[in-house]
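Undergrad: The residues making up each chain are set out below.
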Amino acid sequence: MTKFPSSELRNFAEQCQSFGPVEMLPQSDSLVAVVNCPSEVLKSLAEFLVHSLQYNFGSLVVEAPPNQWKLIYLFYGRENPSLVQLWVYLKSDHPRVDSISDKIHSADWHERQAEDLFGLVFTGHPRLGDFVLHEEWPEGVNPMCTGFSATHPVKEQVVDPAWRPARILETPGAFLMPIGPVYADYYESAQFFLETVGEDVVRMIPRFFFKYRGVEKLAEGQPWQRVLLMAERFSGTSAIAHSTALCAALEQIYQIQPPPRALGLRLILAEIERIRHHFAVLSDICHASGMSVPSAQMDILEEQALRLSGQCAGHRYLYGWVTLGGLNRDMTLTALDTIARETQLLAKASATIHSALQFTSSFLDRFEGVGAISAAGARELALVGPIARASGVRTDLRLMLPYGPYAQDTGFLAMTEPLEQEGDGYARIRVLFAEIQQSVKLIDATVAALPTGPVRVEAGGVRGQSAFGWAEAPNGAAFHYVRLDAQGCVQRYQIATPSFANWHGFHIAAENFAFQDFPIMMASFGLSIAESDR
Amino acid sequence: MFGWFVKGATSRVRTTRYPAHDETAPGVTPGRPVETTCDNELLAIGLAATCPTGAIKPAAFKTTADISRCVHCMACTRGENTMSWQADYRWAKWVGDNARRAARHRPFRKSLHIRVVDTGSCDAVLSEIKQLVKPYYNMHRLGFFITPTPRHADVLMVAGPVTSQMRLALLKTYAAMPEPKWVMAVGNCAISGCVFAPSFIANGSVAGVIPLDVQVPGCPPPPLAILHGLLLLTGREAEMPPVDQPLGGTP
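So the protein lines, in turn, are chains Y and B. Each residue of the first sequence is one higher than the one before, starting from 2 at the first, in my numbering. Each residue of the second sequence is one higher than the one before, starting from 17 at the first, in my numbering.
You can take every hint at face value.
Here are the in silico distance ranges between beta carbons for each label pair:
(1) Y:MET178 / B:GLY19: 35 to 45 Å
(2) B:LEU58 / Y:GLN492: 33 to 43 Å
(3) B:ASP55 / Y:SER150: 38 to 48 Å
Bear in mind the hints are in silico, worked out from the structure with no lab data behind them. Backbone N, C-alpha and C fix where the C-beta goes; we use that ideal spot for every residue, glycine too.
Start from the sequences, fold in the hints, and give me the full structure.
TA: Here you go:
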């Protein structure tokens, strides 16, 4: 693990003291600062972190009582490579805390989620309720609380037929157009309410969690092996990223380090996954703008990437590879050669399509200046992944909080983050194409320098209690929090996914554009709802 | 634009020759565990214990595998005793009642219109369904089309463990389809709930909500398996042959 100079964190500790009686807890990793902070200080400290020190809000993890509530506010640095956790304790009979989302907008959905699932009250939050659990769910039942059975079905309440979603726009001629949850083709289930007075979308209100499977509740009390199966499968198109993030957290708890060969192979698998994902998104983008030939060309590349995974890794979506302490199996030399050779061909073909698209005016007209997100907007809502990069905001965890192979300071992985400034649909397309090229370069360099040796170390006993693991999924930063008991069973599991963060910013892109741009905007975001709903 | 025309016209045909011929390209299917002989019952029990989802059942001198519970974690292919693994894809199975099955050929022999509903799937299943309309599988050549409205649909394709919050949408879509109609569960989530259900929020099987006719197992099922399900529904393909019979050819 690369150690960063923790002088910033020491400075940070000193600055923290000026806000009130906070306590820094010692950490073994110099990347991480944990601050025990009273709930009165929370808001001012969080504001200082986000607005003065340029941290991104990452996640809000809640640990329910028996004894007391524990809230972990996770921040990660855009400028300083570090992770800051603010721990807030609340008495078990007083589940109330000040909302921070009026100052830190990116915390908004995390607070709404915690309110729905735990029954925590965030004082000062303008809009709580009806987020994860919809109108059929009985009021006052909070599934994530201790004592709620994960297997027992809940009796749904009868919905008031007069129930209507909240509306914002009140003007003569205003109407609300609902889209979803079942779409004209095969899009994932989610609902969007478009409020309008004519052609332009004035307000876009999304409703998610139609696909809520309660992965975090199902994980409770299960052995980590079982939770790993769920981490791979809750968002099947980013299986490697999420299983790597969970295993990184577990490896911290068990205090083991996967062997170098396993880390190299994890990188190769993660980058194949990224390439396939980006091909699929680019195909959807071309399809949404009516470009059938480029769309079919991207489809061909996507299926080639899938077949490459199937041929060399045994599964088209790369299930069953990552495990605690490394990988489940090794990859043969032939398979590695095939991957290196085939990905080069894919990169070449994708570059050809990219250069042809750059000169197709009917394509560019649909994307240039459409759905633009400013750098300030992306920072304010803590957007991640290719969408933030298209707005000129650096958020790549492979560089910011280097993990596994990305942390090896060997020079051959000199990777740069593709950045664009415009933040519109076309900038997002350019970022996706650039990332494909970069992933192929990373695969090539890693295959050439892959060390020999075992791919797994045996885990001893559980040494720690809880940890955060993270990975850069194809859609952006993913954080997994896990707490184990002494037998290796998961007591608490929480996932902060990139799609969840980015859907929060989708309204900026969709509002003030015409209806016919909406599918294009959705395609150019390329987000997964399975990943966001969990 | 002319450049794209040339590009499209000069790309060679990629489409699979299935069902006229078997697809043998590498990587089209993850394969499945099949019945394996074991030296004694103890070994069979040990092998069955490697499966985290209970897809493998021990018997005397052999183990049997149920593809509709397998999540392709490949745990049974590691270790000293391993399950035999077969790279086929004719996995679809008729589970509806026989009267409906006998009646299905007349109206649906040639063509089907399909409505897809996602009830909590993992995105990989949807991605595989999408592949069906893409160049490599191109189900349009076989007369299968995705339709935007349930009013025009003959088949309802359901993916995912049927979450509580999608149940109403599923029921409404089903009710909006005209008779005769068929339901196909795609992926193990929709068949048995897989690793996600039954739970407090998901039912775990399409059959528990609406009458089910065909199930396509897999996690996710490869596009060829879904295609096999559609061909099975039209009576143009038979069910998965038992393991000891040789594969290949249409019946």
